[in-house]
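Novice: Construct all of the structure, not just a fragment, from the sequences and the given hints.
So you can see what is in the structure, the chains are spelled out below.
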Amino acid sequence: MPSPLRDLREQIIRAASVAGEGHIASAFSILDILWVLYHGILRHDPGNPSDPARDRFVLSKGHASLGIYGILAQRGFFPMDELKTFASSSGRLGGHPDSRKVPGVEASTGSLGHGMPMAAGMALGLKIRESASRVVCIVGDGECNEGAVWEAALLAAHHKLGNFTCVVDFNHSGDRALMLGDLAGKFRSFGWEVTEIDGHDHAQIEAVLKPHGGDVPRAVIANTIKGRGCTDMENNPAWHHKAPKADELEAVLAQLT
Amino acid sequence: MRRQFVTTMERQLDEDPRTVILLGDIGVFAFRNAFKKHPKRIINIGILEQATVSVAAGLAKEGFIPLFHSIAPFVVERAFEQIKVDFGYQALGGHFVTVGGSYDYAALGCSHHCPGDVGLMQAVPGMQIIVPGHPAEFDALMTQTFASGKPAYHRLSERSNREARCVTFGKAEVVQSGGGPVIVTVGPFLDRVIEAAGGSDATILYYTTLAPFDAETLRQHAGDGRILCVEPFYEGTLAASITSALRGKRIALSSMGVPRKFLTDYGHASYHDAACGLMATDIRARLDELSHV
Ligand SMILES: Cc1ncc(C[n+]2csc(CCOP(=O)(O)OP(=O)(O)O)c2C)c(N)n1
Ligand SMILES: [Mg+2]
Chain R
803 MPSPLRDLRE QIIRAASVAG EGHIASAFSI LDILWVLYHG ILRHDPGNPS
853 DPARDRFVLS KGHASLGIYG ILAQRGFFPM DELKTFASSS GRLGGHPDSR
903 KVPGVEASTG SLGHGMPMAA GMALGLKIRE SASRVVCIVG DGECNEGAVW
953 EAALLAAHHK LGNFTCVVDF NHSGDRALML GDLAGKFRSF GWEVTEIDGH
1003 DHAQIEAVLK PHGGDVPRAV IANTIKGRGC TDMENNPAWH HKAPKADELE
1053 AVLAQLT
Chain G
43 MRRQFVTTME RQLDEDPRTV ILLGDIGVFA FRNAFKKHPK RIINIGILEQ
93 ATVSVAAGLA KEGFIPLFHS IAPFVVERAF EQIKVDFGYQ ALGGHFVTVG
143 GSYDYAALGC SHHCPGDVGL MQAVPGMQII VPGHPAEFDA LMTQTFASGK
193 PAYHRLSERS NREARCVTFG KAEVVQSGGG PVIVTVGPFL DRVIEAAGGS
243 DATILYYTTL APFDAETLRQ HAGDGRILCV EPFYEGTLAA SITSALRGKR
293 IALSSMGVPR KFLTDYGHAS YHDAACGLMA TDIRARLDEL SHV
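In order, the protein sequences belong to chains R and G. The opening residue of the first sequence carries number 803 in the numbering used here; numbering runs sequentially from there. The opening residue of the second sequence carries number 43 in the numbering used here; numbering runs sequentially from there.
The hints are simulated quantities; they were obtained by calculation from the structure and are not laboratory data. Treat each hint with caution, since some may be false.
Claimed, not checked - According to the in silico footprint, chain R covers these stretches of chain G (three or more CB under 8 Å from chain R):
| hint | segment |
| --- | --- |
| 1 | 58-72 |
| 2 | 111-121 |
| 3 | 150-156 |
Think of the CB as a built atom: it goes at the ideal place given N, C-alpha and C, for glycine as much as any other residue.
Specialist: Written out as structure tokens, the structure reads:
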């Protein structure tokens, strides 16, 4: 049975290919998580992207912008066709997502280590206002090198941000630089509730991302494969920041699962 | 320039055992041979720019000459205070080599643009600022400053001039000399300035070292004080250096550089050159304007 995400992967690859730009493998790493988040987990209204009652999602690893653009288009925030304008001078879909331009994008990210603390600030704001909305963010494992991630982890626990969930896209791309070791244990020692899942298993993703009560922030360590769904890209650093040329396109598309 | 950066640093690793290279998780593949040959002295340190600068300072205190390489905003802006205190105030030697200055990474958006790097680095007393216009100039200036014992910022550009100049650290070069306005330009902008000045009697001064600023050459060639500064970073970045060099002299200074606003469009760098009014034709128009002052 073809995966429901195969089409989306194709759109993403085509967009990157037209632009000659894009972090496809980073987007594919989190596509299953994004899919589940936007199909039954996050409250969102494509017709009213700034509805105060919405849940907030922050893509802290902003270089995976093609992933969030694909999902937002699929949900109807803007036409799927707009993906073809990716990274062009006249388009609004840039190499990193811009909250001042793109409906459904909550924070402008791209510099690693900003999105997660911003998301924590949003959760704190919602808590002060006693809102029922929640905040979910996705950080990369490499991004977890940044001190700001751990500074935010400290204060999210201290301020009892039970409305805050941080998903770590643990695809081990960062291992070549710095081993994160027992990531679950690290978050736990910072006062977070932690669950480890297979980040490509929709049932596991759904179960762990359902709203939870309490006043403890939740970390989800999602074991993922960078480039998931395109054979040659899987765990292949050469594809980190690269787009298929026109004459490579068909061969790459043929590998989609 | 990036390829030259690798070649130059491979040589420094071979020749000077004090060399330690810290990569901010970029350029790792390009340096693959160095990783094999000098596994202890080239490190993919990870994505933690602030700590990296301080770690580099620690290495400098232990007698090494550290070099940190990443994308301009993450070195200069993210870790600026670490650079200021740990390297500037403590007067330690080391090198910061960046890519992605101004809008070289146009399509990646404002988080990856950095027209403010040189201006910020100017605010660190003692920082040597180098903007080569050609790979061979990078090699020369890195070699000349490598063991200077002072911190140095090297801004690599995606685009180069067609020919290398014989550059000397701390010195500007007189590319052409005439009786008209004086054009002060920097690194990769030289070719378009030469094109713009074609057939005019402008003097062209070429700077690859911006700090310390070669005031002497400017003073000697300032003519009647009509100065056009064409700079590849924020407009006005060199204005203070120029006015201070010409203190007491009547000058008319016109600056052209990246406008001081967020460049919110994507696309290619050449698109932004045009949008920012930094093409040879724009430079010529400004030169003609100044010629009539
Ligand atoms: C502060 C900062 N430093 C460096 C970069 C350059 N950069 C972009 S993506 C990336 C790797 C990120 O790794 P990870 O967070 O694991 O995401 P993945 O590549 O797995 O999608 C780096 C170093 C950046 N965008 N921001
Ligand atoms: Mg990763």
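Novice: Do three or more residues of the segment 150-156 of chain G come closer than 8 Å to chain R, measuring C-beta to C-beta?
Specialist: holds (count 5)
Novice: Do at least three Cβ atoms from the segment 58-72 of chain G come closer than 8 Å to Cβ atoms of chain R?
Specialist: Our answer is that it holds, as 3 residues pass the Cβ test (under 8 Å) against chain R, meeting three.
Novice: Please count how many residues of the segment 111-121 of chain G have a CB within 8 Å of a CB from chain R and say whether that reaches 3.
Specialist: holds (count 3)
Violation of the numbered hints given earlier is absent; every hint is satisfied by the structure.
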